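Participant: Based on the sequences and whatever the hints tell you, model everything.
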Amino acid sequence: MRGLHVVRQAVRAAVPVAALLLAATALPAAAQEAAREPAYRAFPLIGSRLAVWAIAQLHLNFAAFILGVPIFAVIIEIIGWRTGAPRYDWLSHEFVKLIFAAFSTTALLGAFLLFLFVGYYPKFWAYMTSIFFPTYWIYALLFFAETFTVYLWYYGWEWLSGPRKWVHVSLGVLSNLFGTAILLIGNSWVTFMMSPAGVTETGALKGSVWAAINNSTWMPINIHRLIANIVFGGTIAAAYAAFRFLNATTDEERARYDWMGYVGNFVALSAFIVLPFAGYWLGREIYAFNQTMGITMMGGFMSWLWIIQAILIGVLFLGSNYYLWLGMERIPGSERYRKYVPYMLTILAIGFMVWATPHSLIVTLEEARAMGGTHHPFLGFFGVMSAKNTAVNLMILTTFLSYVLYRRANRLSIRPWVVIGMAIQWAAFAVAAAIVVFYGVYGYFVESIVRIGFSVYQVGAVLGAIVLVMTIDVPMFRGAKSTGAIRWGSIPARSQYVLILLAVTFTWLMGLMGFARSGIRQYWHVYGILRDTSVDAVTPALGYAANMITTVTIVFFALVMFIFWLGGLSEKGKPGAHGAAAMPVIAGGSEDPR
Amino acid sequence: MRVPVGLKLSVFSLAVMGVYTYFANSIPQIESKPPEELSLEGGNVTPAQLVKAGEQIFHTKGTCEVCHKIGEKGTRAPDLAGVGARAAKRKPGQSAKQYLIESLLDPGAYLVEGYPNIMPRVDKPPIGLNRSELWAVVALLESLGGSVDVKLDDIPKTAGAPAVGGTAAELKLPGDPKAGEAVFAGKGACIACHKAGKVGAAQVGPDLSQIARIQTPEYIMGKILNPSAMGTVAGYPKGVMPPIFGQTLTAKEYVDLVSFLLTLK
Chain A
1 MRGLHVVRQA
11 VRAAVPVAAL
21 LLAATALPAA
31 AQEAAREPAY
41 RAFPLIGSRL
51 AVWAIAQLHL
61 NFAAFILGVP
71 IFAVIIEIIG
81 WRTGAPRYDW
91 LSHEFVKLIF
101 AAFSTTALLG
111 AFLLFLFVGY
121 YPKFWAYMTS
131 IFFPTYWIYA
141 LLFFAETFTV
151 YLWYYGWEWL
161 SGPRKWVHVS
171 LGVLSNLFGT
181 AILLIGNSWV
191 TFMMSPAGVT
201 ETGALKGSVW
211 AAINNSTWMP
221 INIHRLIANI
231 VFGGTIAAAY
241 AAFRFLNATT
251 DEERARYDWM
261 GYVGNFVALS
271 AFIVLPFAGY
281 WLGREIYAFN
291 QTMGITMMGG
301 FMSWLWIIQA
311 ILIGVLFLGS
321 NYYLWLGMER
331 IPGSERYRKY
341 VPYMLTILAI
351 GFMVWATPHS
361 LIVTLEEARA
371 MGGTHHPFLG
381 FFGVMSAKNT
391 AVNLMILTTF
401 LSYVLYRRAN
411 RLSIRPWVVI
421 GMAIQWAAFA
431 VAAAIVVFYG
441 VYGYFVESIV
451 RIGFSVYQVG
461 AVLGAIVLVM
471 TIDVPMFRGA
481 KSTGAIRWGS
491 IPARSQYVLI
501 LLAVTFTWLM
511 GLMGFARSGI
521 RQYWHVYGIL
531 RDTSVDAVTP
541 ALGYAANMIT
551 TVTIVFFALV
561 MFIFWLGGLS
571 EKGKPGAHGA
581 AAMPVIAGGS
591 EDPR
Chain B
1 MRVPVGLKLS
11 VFSLAVMGVY
21 TYFANSIPQI
31 ESKPPEELSL
41 EGGNVTPAQL
51 VKAGEQIFHT
61 KGTCEVCHKI
71 GEKGTRAPDL
81 AGVGARAAKR
91 KPGQSAKQYL
101 IESLLDPGAY
111 LVEGYPNIMP
121 RVDKPPIGLN
131 RSELWAVVAL
141 LESLGGSVDV
151 KLDDIPKTAG
161 APAVGGTAAE
171 LKLPGDPKAG
181 EAVFAGKGAC
191 IACHKAGKVG
201 AAQVGPDLSQ
211 IARIQTPEYI
221 MGKILNPSAM
231 GTVAGYPKGV
241 MPPIFGQTLT
251 AKEYVDLVSF
261 LLTLK
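For the record, the sequence lines run as chains A and B. According to this note's numbering, the first sequence is numbered sequentially starting from 1. According to this note's numbering, the second sequence is numbered sequentially starting from 1.
Incorrect hints may appear among the rest.
Keeping only pairs whose Cα atoms sit at most 25 Å apart, straight-line, the calculated DSS-like set for lysine-lysine is [claimed, not checked]:
| no. | chain 1 | residue 1 | chain 2 | residue 2 |
| --- | --- | --- | --- | --- |
| 1 | B | K33 | A | K123 |
| 2 | B | K187 | B | K265 |
| 3 | A | K206 | B | K178 |
| 4 | B | K61 | B | K89 |
Bear in mind the hints are in silico, worked out from the structure with no lab data behind them. In this text the structure is predicted, and so the values were computed from the model without any measurement.
Facilitator: What follows is the structure in structure tokens.
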């Protein structure tokens, strides 16, 4: 009757959360009936805008975490299941434990956010409800399904092991499907506010709600957020591992969390590499939806925002590379590759500088005037994006090179064709870099529309090189001679600070992007349809936004630490907790460094 | 004494965020303020406020900027720098103020040399400014080289769209914009010379991305059937836009095409 017990436990834990959400969803209908309501109410002390801002940012941080982590947790679980290596199962369980701990906080914040909207922005909420009411139900039901599946996934770990493992893995997959569906629905609301579709000029729904859901920024945001969530989940999980590493008292524990941090960072980095492309697509859609909005975003009062973004992205690239280079120190045999580090560092630094070079900075209103508001050419924005695309593609290639060198650090291929193989690999790098540079330069001599197409070739070249290099690399180093096992846990402590740096920076970046997303609507709740007539209609400057982002990020990390600490409490007193048997393999592992 | 890891990491994280925050506070701080509602009538407005309001309209609702620039030649129309001074000498016996008002309400009455008669009446759709807005725009024009002396009463009572619901009445054509887009890119071959929003990139003819915001349906329709009769857009070659579409397009294709062009706002 073990199974029944697990299910009951899961249900008992899941029901209150889901019920809360359902109750909250039913609310707006009631709110709508009260027609005599004011358009706004004032939140005490800090005002409604800051209240919504703080809670929304926190909710999104948590939601991103609990949606991002399961994606790779389940992949890792599958790896463990197929390879039979227990350390993967341990790691996956460790990740899910983090999600589990953060789950109810996410839901509570979501419900809180809803109360804020209903209570303090009743007119806005009534309007959104008039369009999206059918989706609320789906959302609530999906949330219930998601909660239940995740709880079962977590509690059922032991129960559904062995021959029943496939059921367990399916639960993981299922929770990802539910999670993604939830994300898509939430995104439809938020993108509708940005680029409303399917409504008349006065804002009434024309046909079915689908047209409003499928507005022009919906898909780009879906993809962008999905990828960003993986990055975010990876960095937070890595930061958790760093914390445990630094606190570890035994070598065995250090080894375990060194590895966990490594995997977290690996996941984050892999997803991070494609994020810029998703970002361009989104930018393009915004431009196509409304030029004025595109101009506000890239050249208007927000132009400095992209410089800050570029700096943060530069920090992330440099940080992840530095972490990989430091990681080589725990690999005997890696000395051979250290000589490449200065070159890679140079490319990254130059790329960083190009990336951070402003395009259209408007410092004064006079300059804004000179540029001409409504008809700023499309060219401008993508024109210089040509240089930036080149820089970011080279940075991605370099980062990939770091990873390839890291992979082979302790291995000597025993294949007879190793010389040719390596030559082809280097050639692939060189050709990809040449293509990227060629189109980057050529881009200055052609029409914008043609140039936009170039970025596709650049990305294609980089992705092609990645695929080609890996196809050669995997067989080339299969069964390779080892120059020594990776000494997990022997990485210098400062590497763990890099992991923290990455997590903090990415979280901050997410806050900034949230401000960008919501700020480009300027004085509109729903762009062009529902005006913001509240006292907070002014969109604040970046300094103000930064103060707010920092404050919320601090609260977020404080909450996360508290929650993880709570999660750790239950683990104490259970020395033989899940997966401990896996440790010797990790500590002594001579397996491939992935 | 050993400092707890949690404390060290917290200090580290705070320092990192501190740097970001400091940087964000050290750059120019630009807020985005909502535009003020224009209700100039009745209230006491200073000329400076009026000019500022006029500037707003110039960039936004007036769409003047799609054709004109201030300080350089516009894409379709003359540079307006100095127009406040120039206006007094345009037509004998007409004051600067009178000329400027006329140039907005009856643009064809006097044509700047080298330019065709393509400027629409700005108080009629699609631009459709109301009287207060016209007043503010004239003040802006006067301020470009002249002195601001325009009063609301100078704007003819008959001018202007009604103050409320000033948006252009929509013309309903039986055409299908989607099919029109196909004509634009296909049979009509407009795409060979024009760009229209996401469609096309050619720069032989003017960018049509916002044509419906600045031009009347009559103009657009006339331009397709008989380009030279509508005047040649300044800065573009004469006689290049083919006068054959009246023959080559079917009635349905023509209506679809126009419907498509009217979506370009």
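Participant: For each hint, tell me whether it holds in the structure or not.
Facilitator: Cross-check of the supplied hints:
| no. | hint | in the structure |
| --- | --- | --- |
| 1 | K33/B <-> K123/A | holds, 21 Å |
| 2 | K187/B <-> K265/B | holds, 23 Å |
| 3 | K206/A <-> K178/B | holds, 18 Å |
| 4 | K61/B <-> K89/B | violated, 29 Å |
Going down the numbered hints, you'll see the structure goes against just number 4.
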